[in-house]
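Generate coordinates for the entire structure from the input sequences, incorporating the hints supplied.
As given, the protein sequences belong to chains A and B, one line each in that order.
Anchor point for the first sequence: position 8 equals 8 in the UniProt record's numbering, and the numbering is continuous, going up by one each time.
Anchor point for the second sequence: position 207 equals 207 in the UniProt record's numbering, and the numbering is continuous, going up by one each time.
Heads up, some of the hints might be wrong.
Below, simulated BS3-like cross-link-like pairs (lysine-lysine); rule was C-alpha separation at most 25 Å, straight line [as the list claims (entries may be wrong)]:
#1 Lys201/B to Lys29/A
#2 Lys80/A to Lys201/B
#3 Lys80/A to Lys193/B
#4 Lys270/A to Lys250/A
#5 Lys25/A to Lys201/B
#6 Lys193/B to Lys286/B
#7 Lys201/B to Lys81/A
#8 Lys193/B to Lys81/A
Just so you know, these hints were derived from the structure itself, not from any lab.
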Amino acid sequence: MDRESELFQCGHRACGGCGPALAAKLILKGTGPNTIVVASTGCMEVFSTPYPETAWGVPWIHSLFENAAAVASGIESSLKKQGRDEHVVCICGDGATFDIGVLCISGAFERGHDITYICYDNEAYMNTGIQRSGATPYDANTTTSPAGKCSTGNKRPKKDMPAILAAHGASYVATASMAYPNDLIRKVQRAVNTPGPNYIQVHAPCCTGWGFDGSQTMKIGRLAVETGLWVNFEMIDGEVEHVRKVANRKPVEEYLEVQKRFRHLFRPKKNEEEIAKIQAIADHNAGAFAVDRN
Amino acid sequence: MMEILEGSHAVAEAVKRCRPEVIAAYPITPQTHIVEALASMVADCELDADYICVESEFSALSACLGASAAGSRVYSATTSQGLALMFEVCFNVAGMRQPVVMTIANRAMGAPLNIWNDQQDSISLRDAGWMQFYAEDNQEANDLHYIAYKVAEDHDVLLPAMVCFDGFILTHTYEPVDIPTLEEVDAFLPPYKPVNILDAKNPMSLGMYATPDYYMEFRYEVEEAMKRARKVFADVGAEFGETFGRDYSGLVEGYRLEDAEIALVAMGSICGTVKDAIDEMREEGKKVGLLKIRSFRPFPSEEIKAALAGVSKVAVLDKNISLGQKGAVALEVKDALYGTGTEVLDYIVALGGRDIRKRDIRAVADLAEKGIGDQFYGLRTEVL
Ligand SMILES: Cc1ncc(C[n+]2csc(CCOP(=O)(O)OP(=O)(O)O)c2C)c(N)n1
Ligand code: SF4
Numbered sequence: 001m002d003r004e005s006e007l008f009q010c011g012h013r014a015c016g017g018c019g020p021a022l023a024a025k026l027i028l029k030g031t032g033p034n035t036i037v038v039a040s041t042g043c044m045e046v047f048s049t050p051y052p053e054t055a056w057g058v059p060w061i062h063s064l065f066e067n068a069a070a071v072a073s074g075i076e077s078s079l080k081k082q083g084r085d086e087h088v089v090c091i092c093g094d095g096a097t098f099d100i101g102v103l104c105i106s107g108a109f110e111r112g113h114d115i116t117y118i119c120y121d122n123e124a125y126m127n128t129g130i131q132r133s134g135a136t137p138y139d140a141n142t143t144t145s146p147a148g149k150c151s152t153g154n155k156r157p158k159k160d161m162p163a164i165l166a167a168h169g170a171s172y173v174a175t176a177s178m179a180y181p182n183d184l185i186r187k188v189q190r191a192v193n194t195p196g197p198n199y200i201q202v203h204a205p206c207c208t209g210w211g212f213d214g215s216q217t218m219k220i221g222r223l224a225v226e227t228g229l230w231v232n233f234e235m236i237d238g239e240v241e242h243v244r245k246v247a248n249r250k251p252v253e254e255y256l257e258v259q260k261r262f263r264h265l266f267r268p269k270k271n272e273e274e275i276a277k278i279q280a281i282a283d284h285n286a287g288a289f290a291v292d293r294n
Numbered sequence: 001m002m003e004i005l006e007g008s009h010a011v012a013e014a015v016k017r018c019r020p021e022v023i024a025a026y027p028i029t030p031q032t033h034i035v036e037a038l039a040s041m042v043a044d045c046e047l048d049a050d051y052i053c054v055e056s057e058f059s060a061l062s063a064c065l066g067a068s069a070a071g072s073r074v075y076s077a078t079t080s081q082g083l084a085l086m087f088e089v090c091f092n093v094a095g096m097r098q099p100v101v102m103t104i105a106n107r108a109m110g111a112p113l114n115i116w117n118d119q120q121d122s123i124s125l126r127d128a129g130w131m132q133f134y135a136e137d138n139q140e141a142n143d144l145h146y147i148a149y150k151v152a153e154d155h156d157v158l159l160p161a162m163v164c165f166d167g168f169i170l171t172h173t174y175e176p177v178d179i180p181t182l183e184e185v186d187a188f189l190p191p192y193k194p195v196n197i198l199d200a201k202n203p204m205s206l207g208m209y210a211t212p213d214y215y216m217e218f219r220y221e222v223e224e225a226m227k228r229a230r231k232v233f234a235d236v237g238a239e240f241g242e243t244f245g246r247d248y249s250g251l252v253e254g255y256r257l258e259d260a261e262i263a264l265v266a267m268g269s270i271c272g273t274v275k276d277a278i279d280e281m282r283e284e285g286k287k288v289g290l291l292k293i294r295s296f297r298p299f300p301s302e303e304i305k306a307a308l309a310g311v312s313k314v315a316v317l318d319k320n321i322s323l324g325q326k327g328a329v330a331l332e333v334k335d336a337l338y339g340t341g342t343e344v345l346d347y348i349v350a351l352g353g354r355d356i357r358k359r360d361i362r363a364v365a366d367l368a369e370k371g372i373g374d375q376f377y378g379l380r381t382e383v384l
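Right under this line is the structure:
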């Protein structure tokens, strides 16, 4: 294996156009080879390590769905005792991060382990068949938040994990998107070189779960940022810095109408009221993070 | 050196001498004194370990798994509800072949909430792929830790081990314990030499996902390792005996079994009381003996069959019950004796800390003699 060129190898079993697969490749460009990756159960774990094959050119460990942060705590503690200097980096899904793994993450961050926790956020439990998570956006149709005669899909907005982890005292918290590769790589580099627990949440569109063609992944990822539904920023010691500015924010409709998970907002007839609520979320983001470039 | 110590402190002294690099544990009665003592040892630089003050038992064992996979000798301790919270991680540690050693201060499972001793907690995890050793007294609890690490880390085994000792009855009791010196333990237990670790210089994937094409072979390998652990335990136990004068070569141990007609079978601290009761019965001419099971996993079926060859009745004292069936120890002893014609009777005793005295043991032996068994012993019928 040519370890210098690609640390996350092709030949894995992800869907063509999988956002998380591209995110993994970019994340490892940021961490470099002196890294130990801790995974959670989910799509990435399954598509990248079907025994006896592995896509990982760095040491990689998976234990359970919800304990990556605790496993990473133990690894970091062991490395410290041994005088070793590898970066310890969790790469976990949003279900593992926002929902079932919160206890372990909170503990690890409060204890101050020198780890970087990266959530690849594809906004639902994809591995088990597209069920909602705490990261699923408002009104998205998933198999456990189905749109129906008296439902417009997921009832709650995304949980604010970056704020939760910043409140734990993490000195570096950032959001990124696989559709902005250089920005993502730079943020990963910065996180692994910042002592203590750090968090990056990477927007990673899932063509299968969101319902779009695998050739459109980058475009969808960019639309999320261009509409203000996803904001790329850094938080240094709890203060927001370096927000990616957007000139002429696009209406959220442009993002929603190209994904099957929002199709119920357009058919059989357009649901102006719900679309307006989603536009309000984007407008709120723009205000809170000063996204608009005038 | 002989010292009079509380059981928990004797165990902490043993753990210190095993030199774990990483300790991760969460307090729960009656395990607390062990981890408090270890935390003090770390704080006083008597023990050069990283003590991870985790937020739950689930993270305690997960952190041990990570540290072990990175190449460190690790330690944890828990009981009852804490062990139940670790359930998922327990299977994982064994499947990933990490030689974690964990003390179990045996305690009942709720509901109803009960902090006192029985062995339901560890017994309920018998299928997780961990070795399980049960101590009769605090000397044995101490010694089994050195042995457990050495067996677990043996490259023919590479499996995690629980050292089980009865909550309160042993954890909170002061007894004289002969504690070996650090140098003596160093000579007996060399530093951990892992086989495959997380190392950036030699990248490897651990804990991958296995399809039906491969999964069964992984399980088979664990089972084969368990089988090999029988001999490794016997060898290590014998070596311990030669070095320290206390022989642990037996996965079981007989007491006055030679010409016994009735054999009591038990695990843990109850064995001490049983021995005293047997001495009394022997004086009265009753041919009664004890078979103590030291290793419940791997289960010593052959040794049990050999040890009980001459007896006509076996009375098993189970401090647990597989509800809807019987006590777990009786079931397995029955399996070991299948085809021999020996009658195996089960007695569920001392659950949730219910006291069991010499006269109760004698009563059980009397019941067994009459062929009355497979029942709870010592129920308070007036509250039922
Ligand atoms: C304790 C536990 N509960 C449930 C599951 C089933 N499960 C496996 S992966 C998964 C969802 C993963 O979702 P996420 O973390 O978002 O990753 P993704 O699959 O979307 O990449 C679930 C529910 C499990 N493995 N373990
Ligand atoms: S379902 Fe989504 S996350 Fe999973 S492999 Fe396919 S595109 Fe990737």
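Outcome of the hint check:
1. Lys201/B to Lys29/A: Distance of about 17 Å is within 25 Å: holds.
2. Lys80/A to Lys201/B: Satisfied, since the Cα-Cα distance of roughly 17 Å is no more than 25 Å.
3. Lys80/A to Lys193/B: holds (18 Å)
4. Lys270/A to Lys250/A: Distance ~18 Å between lysine 270/A and lysine 250/A Cα, so the pair holds.
5. Lys25/A to Lys201/B: holds (19 Å)
6. Lys193/B to Lys286/B: violated (51 Å)
7. Lys201/B to Lys81/A: This hinted pair holds, its Cα atoms lying about 18 Å apart.
8. Lys193/B to Lys81/A: holds (15 Å)
Hint 6 from the earlier list is the only one contradicted by this structure; the remaining hints agree with it.
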